[in-house]
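**Q** Here are the chains, one letter per residue:
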Amino acid sequence: MTHSKFGQVRFENVGKNYGDFTAIPDLNLTIEPGQLVTLLGPSGCGKTTTLRMIAGLETPTSGRIMIGGDDVTRLPPNERDVSMVFQSYALFPHMSVLENVKYGLESSGFKDAEDLALKGLDLVGLREKAPRLPSELSGGQQQRVAVARALVLEPQVLLLDEPLSNLDARLRRLVRTEIREIQQRLDFTAVYVTHDQEEALAVSDRIVVMRDGLVEQDGTPYELYESPASEFIADFIGEANILDCDISSVNADTANVLVGGKGFDLRSRNHSIGKGKLAARANSIKLSRDVNGGPAGKIKSAAYLGDHFQYEVMSDLGLLFVIDNHTDELLENGTSVGIDFDARGLALIGGKK
Amino acid sequence: MKNENRRLDLALICGVLGLFILPWFHIRSGFFGGEWVLDLLSKERYWPGFFQLFLGKLQLLPVFALVGAAGYLRLKSEPGHRGKLIAIIGALGLFWMVLEGLSIGLRGWNWSLLEATFGRVDGQPAFGAGAVLLALTFTTFISFGLAEKGALKGDAIVLTAVSLLILLVATFVFYPILSMFAGAFQDFRGNFTTEGVMRNITDPQIWKLNCLVGGSCGIAWRTMFLAIATAAGSTLLGLAFALIVTRTQMPFRKSLRTLSILPIITPPFVIGLSLTLMLGRTGFVTEAIEAATGLELGRWIYGLPGIWIAQMLSFTPISFLVLVGVVEGISPSLEEASQTMRSGRWRTFRKVSLPLMAPGLANAFLIGFIESMADFGNPMVLGGNGGVLSTEIFFAVVGAQSDPSRAAVLAIILLGFTLSAFFAQRMWLGKRNFATVTGKGDGGRYAKLPRRIAIPVGTIVALWSLFTIAVYGLILFGGFVKVWGLDHSVTLAHYITAFSISFENGFAFTGVAWNSFWTTMWIALAAAPLTAAVGILSAWLIVRQDFPGKSAFEFGLMMSFAIPGTVIGISYILAFNLPPLQMTGTALILIFCFVFRNMPVGVRGGVAAMSQLDKNLDEASLTLGANSARTLKKVILPLLRPAIQAALVYSFVRAITSISAVIFLVSAKYNMATAYVVGLVENGEYGVAIAYSSVLIFVMITVILGFQLLVGERKLRRPENTQKSPAQGKLKEAAA
Numbered sequence: 001m002t003h004s005k006f007g008q009v010r011f012e013n014v015g016k017n018y019g020d021f022t023a024i025p026d027l028n029l030t031i032e033p034g035q036l037v038t039l040l041g042p043s044g045c046g047k048t049t050t051l052r053m054i055a056g057l058e059t060p061t062s063g064r065i066m067i068g069g070d071d072v073t074r075l076p077p078n079e080r081d082v083s084m085v086f087q088s089y090a091l092f093p094h095m096s097v098l099e100n101v102k103y104g105l106e107s108s109g110f111k112d113a114e115d116l117a118l119k120g121l122d123l124v125g126l127r128e129k130a131p132r133l134p135s136e137l138s139g140g141q142q143q144r145v146a147v148a149r150a151l152v153l154e155p156q157v158l159l160l161d162e163p164l165s166n167l168d169a170r171l172r173r174l175v176r177t178e179i180r181e182i183q184q185r186l187d188f189t190a191v192y193v194t195h196d197q198e199e200a201l202a203v204s205d206r207i208v209v210m211r212d213g214l215v216e217q218d219g220t221p222y223e224l225y226e227s228p229a230s231e232f233i234a235d236f237i238g239e240a241n242i243l244d245c246d247i248s249s250v251n252a253d254t255a256n257v258l259v260g261g262k263g264f265d266l267r268s269r270n271h272s273i274g275k276g277k278l279a280a281r282a283n284s285i286k287l288s289r290d291v292n293g294g295p296a297g298k299i300k301s302a303a304y305l306g307d308h309f310q311y312e313v314m315s316d317l318g319l320l321f322v323i324d325n326h327t328d329e330l331l332e333n334g335t336s337v338g339i340d341f342d343a344r345g346l347a348l349i350g351g352k353k
Numbered sequence: 001m002k003n004e005n006r007r008l009d010l011a012l013i014c015g016v017l018g019l020f021i022l023p024w025f026h027i028r029s030g031f032f033g034g035e036w037v038l039d040l041l042s043k044e045r046y047w048p049g050f051f052q053l054f055l056g057k058l059q060l061l062p063v064f065a066l067v068g069a070a071g072y073l074r075l076k077s078e079p080g081h082r083g084k085l086i087a088i089i090g091a092l093g094l095f096w097m098v099l100e101g102l103s104i105g106l107r108g109w110n111w112s113l114l115e116a117t118f119g120r121v122d123g124q125p126a127f128g129a130g131a132v133l134l135a136l137t138f139t140t141f142i143s144f145g146l147a148e149k150g151a152l153k154g155d156a157i158v159l160t161a162v163s164l165l166i167l168l169v170a171t172f173v174f175y176p177i178l179s180m181f182a183g184a185f186q187d188f189r190g191n192f193t194t195e196g197v198m199r200n201i202t203d204p205q206i207w208k209l210n211c212l213v214g215g216s217c218g219i220a221w222r223t224m225f226l227a228i229a230t231a232a233g234s235t236l237l238g239l240a241f242a243l244i245v246t247r248t249q250m251p252f253r254k255s256l257r258t259l260s261i262l263p264i265i266t267p268p269f270v271i272g273l274s275l276t277l278m279l280g281r282t283g284f285v286t287e288a289i290e291a292a293t294g295l296e297l298g299r300w301i302y303g304l305p306g307i308w309i310a311q312m313l314s315f316t317p318i319s320f321l322v323l324v325g326v327v328e329g330i331s332p333s334l335e336e337a338s339q340t341m342r343s344g345r346w347r348t349f350r351k352v353s354l355p356l357m358a359p360g361l362a363n364a365f366l367i368g369f370i371e372s373m374a375d376f377g378n379p380m381v382l383g384g385n386g387g388v389l390s391t392e393i394f395f396a397v398v399g400a401q402s403d404p405s406r407a408a409v410l411a412i413i414l415l416g417f418t419l420s421a422f423f424a425q426r427m428w429l430g431k432r433n434f435a436t437v438t439g440k441g442d443g444g445r446y447a448k449l450p451r452r453i454a455i456p457v458g459t460i461v462a463l464w465s466l467f468t469i470a471v472y473g474l475i476l477f478g479g480f481v482k483v484w485g486l487d488h489s490v491t492l493a494h495y496i497t498a499f500s501i502s503f504e505n506g507f508a509f510t511g512v513a514w515n516s517f518w519t520t521m522w523i524a525l526a527a528a529p530l531t532a533a534v535g536i537l538s539a540w541l542i543v544r545q546d547f548p549g550k551s552a553f554e555f556g557l558m559m560s561f562a563i564p565g566t567v568i569g570i571s572y573i574l575a576f577n578l579p580p581l582q583m584t585g586t587a588l589i590l591i592f593c594f595v596f597r598n599m600p601v602g603v604r605g606g607v608a609a610m611s612q613l614d615k616n617l618d619e620a621s622l623t624l625g626a627n628s629a630r631t632l633k634k635v636i637l638p639l640l641r642p643a644i645q646a647a648l649v650y651s652f653v654r655a656i657t658s659i660s661a662v663i664f665l666v667s668a669k670y671n672m673a674t675a676y677v678v679g680l681v682e683n684g685e686y687g688v689a690i691a692y693s694s695v696l697i698f699v700m701i702t703v704i705l706g707f708q709l710l711v712g713e714r715k716l717r718r719p720e721n722t723q724k725s726p727a728q729g730k731l732k733e734a735a736a
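Residue numbers (UniProt numbering), protein chains in the order written: chain A, 1 to 353; chain B, 1 to 736.
To be clear, the hints were calculated from the coordinates, so they are not data collected in a lab. Since the model is a prediction, treat every value here as computed from it, not as a measurement. Every residue gets a Cβ at the ideal spot worked out from N, C-alpha and C, and that includes glycine. Worth double-checking, as some hints may not be accurate.
[Stated by the list, open to error] With a Cα cut of at most 25 Å, we get these calculated DMTMM-like pairs of lysine to aspartate or glutamate:
| no. | chain 1 | residue 1 | chain 2 | residue 2 |
| --- | --- | --- | --- | --- |
| 1 | B | K149 | A | E79 |
| 2 | B | K634 | A | E106 |
| 3 | B | K550 | A | E198 |
| 4 | B | K634 | A | D112 |
| 5 | B | K615 | A | E162 |
| 6 | B | K149 | A | D26 |
| 7 | B | K634 | A | E58 |
| 8 | B | K84 | A | E79 |
| 9 | B | K634 | A | D81 |
| 10 | B | K149 | A | D71 |
| 11 | B | K149 | A | E12 |
| 12 | B | K634 | A | E154 |
| 13 | B | K615 | A | D196 |
| 14 | B | K149 | A | D81 |
| 15 | B | K634 | A | E79 |
| 16 | B | K634 | A | E136 |
| 17 | B | K615 | A | E136 |
| 18 | B | K634 | A | E99 |
| 19 | B | K634 | A | E114 |
| 20 | B | K615 | A | E154 |
| 21 | B | K84 | A | D71 |
| 22 | A | K111 | A | D122 |
| 23 | B | K615 | A | D81 |
| 24 | B | K633 | A | E58 |
| 25 | B | K615 | A | D20 |
| 26 | B | K149 | A | E58 |
| 27 | B | K76 | A | D71 |
| 28 | B | K550 | A | E58 |
| 29 | B | K615 | A | E99 |
| 30 | B | K633 | B | E4 |
| 31 | B | K634 | A | D115 |
| 32 | B | K615 | A | E106 |
| 33 | B | K633 | A | E79 |
| 34 | B | K149 | A | D70 |
| 35 | B | K615 | A | E79 |
| 36 | B | K633 | A | D81 |
[To be verified] Examples of chain B residues lying across from chain A (beta carbon under 7 Å, computed):
| no. | residue |
| --- | --- |
| 37 | D155 |
| 38 | D614 |
| 39 | L639 |
Construct the entire structure; sequences and hints are all you get.
**A** Following this line, the structure appears as structure tokens:
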């Protein structure tokens, strides 16, 4: 085992069928050591299957999976150097918190299992809960025990399967920062599955967006948001309005784009001149009462959500979804409005890498 | 990679042990008795397989060759490359053992065709310890080979469990049934003939339909009519009980639930005996009626009407158990929804509740049907001159006419009936499976029964309960009177005859019942953990593992529920009386019979309990570095403890009360309590029979109560860890 590959995960032409159904047609993916990579996508996109194949809980129908440079395709889960945090936590209800954390250490034959387990509990700040049963802990505490139980084994790769989905919104924000902080401090590889794009953006070094078993786009959060490869990505990562546009000129990495008669300079990835599509974030569309030659539309529905207004606008460019943070005055249904864009919320879709 | 070699070494050591050390052939005095060691030198029969080769048993040569080949692969090849070959060696080995075992009998070839082809060959005895160990070795070869190939995520433990279970089920469920079919086509010498089948299958005693025109019908039809009548009756009564318990305010309705424990603990003849005491020719009810009216009632209780009443008494509690679950399973909100849509209680009941119960009713009907077909005790006591299939099978084997072919044909007919009912229900159910229990918290209350139903139904339930209490009360009472119907003076004589002990020449059990009592106890104790283990292991495989042929495996297990005990008994005799497997007359055959007869219940209980366990728990354990054995031991089994305990108690109790299969398998050395009671009844010693039965009931109640105390205690210690369905419920579930 070469040290440089410690913690690396590689999929080589991996396919997975369930009978006639193809969950993953052909996956090639390398996850670099020390990174937190998120598998993101709608339900049924194959992200959990991918994670479970790393764990060894599913066997690929074809192809190879390498962990730390070793072929583990046919290795049973208990012989792989990975551990996993489950969506349901899967804490053993008949064992105390300490016994739960100790369990994996004992399976692997550690002599000082108890000490290591207590240290693991320190890591998540739950040492004093050691003798309790999981059912006596709150949801957030149970979640942290599950993380500690997986971490004490110091695996090459930590797998997290929607670890926050059973927590409420506030706790979710707290715990995800905590997980990210531990991951950066201990510098291990982590593969994180979620369907929540905000969570993905917040924790990841890299995001792999999957759809129907295929990798739709693979990049840093910034790349995904600013240069979505497809309409699907643009819509999935931070809801966006997909608009037709004309690319009038292209420079090195910017393009001049015309939308609704207005021109903008946007980041480009080797786009060619001609017709194109762009994503306009809901808060980048500015509505005003004066209609002055530019694109225009009529308010179809309006809603007040405390810190912002939310509109649907029937416009020359199509149906637009708009968020307005200036909550001085609500535009009534049927009001005619002029439409303008903020260049910072516009992104060209597609192009080649 | 060392792991693969280590376990293969272990298998090879077993193979060598089986070939070179252990006696290859069956030992009549019993392998575990150990007496054979003394005769080892003088008796060639006891020699291990290796020496048998030199005695001319060349049929063992391929076995040596295959084990040798496996050893060669172990030394010369790496785990990655040899997997397929090792699996093939295992499969070939098993195949060859089955082939040669079935082909060569005690006196040479079993089939004249083989003798004509290959010339004469010496006979061989049945498989012994060495051969059995070799069969197991080959089975592990198959699993280890497949594991090395990466099947089932390379999990050798799961693969071994699967192949062992398949081997066991094939040997103890399918092989006996096949032997029974073969048995129908053999004469006394074992030659193939269709004579017996033709004679029996066309026998008017079985098939005539004269009862439709005023005569008497054949046994097959009688059995079927009785089964339909019993199933219909017990389902209706069971439904009445279930409705009263869940949907009325009738007094004492809570205690009706304790009725459900009765069929589990009732030895098979008790109800028949008690009915005789009550309604027989000299029964006290009969005499009272005759005295009052001057009518001559006679022997009407002996025959189908009597059996029908006895079976209704026996099986109504079972159907009640099933239907209580069904009635409680209907979400109250469905009924409330119906009522808010302007339907009265009666319309709601007819249009919503009843259709939702239909699958449950079908299930209760099926259980009643199969139980009635399989029932042996009641027809035995009350059958009189006209028996049913199960008793007829018994008399075809033990009676003066002793005609195994007839027994086999009758058993096939019986099996045909129960399996048809099983498949018919499966097909019918396939289309309408309403899951009404959603797992969501469901407020709302059950709609009360409309008055015009509640009053008549309540009356029936009350009367039937009184009748049941009277019947059981009589059992206790009957053991204490001298001669029922003639001399009602109170006596302990029957108990003394059965259970006396003496201190004269040291302590001794002198009562006539002790022998069979202790045999029953230790066989039941030995069978219980095996049953639970096989049942829970199967449940684990069915719920948690995915392997090819799983649905067939599951189906086979569930189907064995529809095989009547009489059929199992007769098929075990036919299968295990001659080589290659010879076990009749041993305790082992009784234990195996109990294990595979009661296993479906363990499986069902285990499946139900395991489905409630989050699958992620196993997966978490695996990803934490534990192998499947440790996962099973540390995570699954502790969480399944209530289900395991229920399976233990249930199989223990069932082993005490079972009769239909056992009656064929007992021997002078290993007699069981129920079989002994049959003998008493046949000799007319009712008093002792009843006394013995009462003691059995008492023992079983003690065991069940003790078990409940045990579980209750556990709950106190860990209140936060209580399972949703308490063990008591599990036990009842298991009984259904």
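**Q** Against the structure shown, which of the earlier numbered hints fail to hold, in ascending order?
**A** 3
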